[in-house]
Amino acid sequence: MNLHCKWILYTLTAFDADDVFGIIKESVEGTMGGNIFQQNRVDQWTSNVVELCLSQLSKLGKPFKYIVTCIIMQRNGAGLQTASSCFWDDTTDGSCTFKWENESMHCIVTVFGLAI
Amino acid sequence: MEDRVSFNTDEASVTVKECIEGIIGGIDYNQNKVNQWTASIVEHSLTQLVKQGKPFKFIVNCAIMQKSGAGLHTANSCYWDTATDGSCTVRWENRTMYCVVSVFAVAVTC
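Taken in sequence, the protein lines are chains A and W. The numbers in UniProt numbering rise by one with no breaks, and the one at position 63 of the first sequence is 63. The numbers in UniProt numbering rise by one with no breaks, and the one at position 10 of the second sequence is 10.
Only chain W is shown next, with the shape it has when bound in the complex (with noise of 0.2 angstroms):
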């Protein structure tokens, strides 16, 4: 019989936040490295995950917004096993920025 892993959102959620915090935890928003950081951020939580070496693929998406006053709306919808699959979304901030990370993990089936 096979054991079906779920995926923990909890333990991806200190995982993620602490990648956030790693890179830009006490830095302002600077227009010229901010592709750098969202970069670092997607590859560094992906690279943690992974190292879980559990059996789920994984996308990490990462937006990071100058605080001006805009408003930011975001949302997402699955279509997948609901027993298996599953999704967390750390939303971080500090006085020059917002970054919303969300990580999705699809169960592997082989």
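Looking at chain A on its own, in the form it has when it is part of the complex (with noise of 0.2 angstroms):
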């Protein structure tokens, strides 16, 4: 295969971080944008965020798994610190992390995607 061909063989298969971005972004300023914290509430906003951005992940129609994740920590001044590890093949599959807060709270939702 010569070096054109596996280019479009990569950006066709390689995880796109700058597609995932802005499918999980529309995702939480749809759900979130303008609310103020509330317990009663947040149950159902963490699952729409993550129901939103997996559906549109799966429109992409890439041959991948996903898995989304989303935190929402109400803003107190306690610390909140995550970390994640990966074992996996890092020529096709990557992650996206978004953060995005208001006066009231903070969320951080993040996408891995893996080639199969």
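These are computed hints drawn from the structure, not numbers from a lab. Quick caveat, the model's predicted, so the values are computed rather than measured. Treat the hints loosely; a few may be bogus.
Quick list of the computed label-pair ranges, beta carbon to beta carbon [as the list claims (entries may be wrong)]:
no., chain 1, residue 1, chain 2, residue 2, range
1, A, Gly34, W, Asn30, 29 to 37 angstroms
2, W, Val5, A, Gln38, 39 to 47 angstroms
3, A, Glu51, W, Gln48, 26 to 34 angstroms
4, A, Asp16, W, Val108, 43 to 51 angstroms
5, W, Asp81, A, Gly22, 42 to 50 angstroms
Glycine residues also receive a C-beta, built at the ideal position from the N, C-alpha and C atoms.
Hey, can you piece these two chains together into the complex? The hints should help.
Right, dumping it as structure tokens:
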């Protein structure tokens, strides 16, 4: 296979973080924009965000399995630290994280894409 | 005929719980050390999971939050093969902090 064909195959089959970032941003802003932290609604928000992201991701039609995680934390000065470590194929798999906040809460969404 | 191995969530939970207790068991929340702890927990858990030698790709996620009355909610959703892939979440706490570790395992088909 020559280099040009390899490049095309790479762009079709490798995880595209830019596309995914846009999807996450729309899902989060659409669900959380303009809201204040409310304990009885946060359950619904996290579910909405992950479901919206996942349905948009599957519509991309790429040969990937996806994992979407969402954390919503009330802002009251508490410290929060997250980390992730992955054992996968560096050439095709990837992840994308989006952080969002307003005056009352933080929202962190991460998408992991693993090539089939 | 190929043997399709499915993810054993109980075994993974035990592995992860041992890693957490080994790293932050009996320690109070410390802002200067917390990034070191999350990094150690994910790396150590991943190493132990990979040592089991099963045909999976793994993602290990760890969140540590100081106990100060704030609400924290997490959710995840996965688009995969439910027959072979799986996840497990371990929730751990002590007097000063919460730790939530999630492991996602995706079967490798080659």
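Now for the hints, and whether the structure bears them out:
no.: 1; hint: Gly34(A) - Asn30(W): 29 to 37 angstroms; verdict: holds (36 angstroms)
no.: 2; hint: Val5(W) - Gln38(A): 39 to 47 angstroms; verdict: holds (43 angstroms)
no.: 3; hint: Glu51(A) - Gln48(W): 26 to 34 angstroms; verdict: holds (32 angstroms)
no.: 4; hint: Asp16(A) - Val108(W): 43 to 51 angstroms; verdict: violated (21 angstroms)
no.: 5; hint: Asp81(W) - Gly22(A): 42 to 50 angstroms; verdict: violated (27 angstroms)
When the structure is compared with the earlier hints, violations turn up for hints 4 and 5 and for no others.
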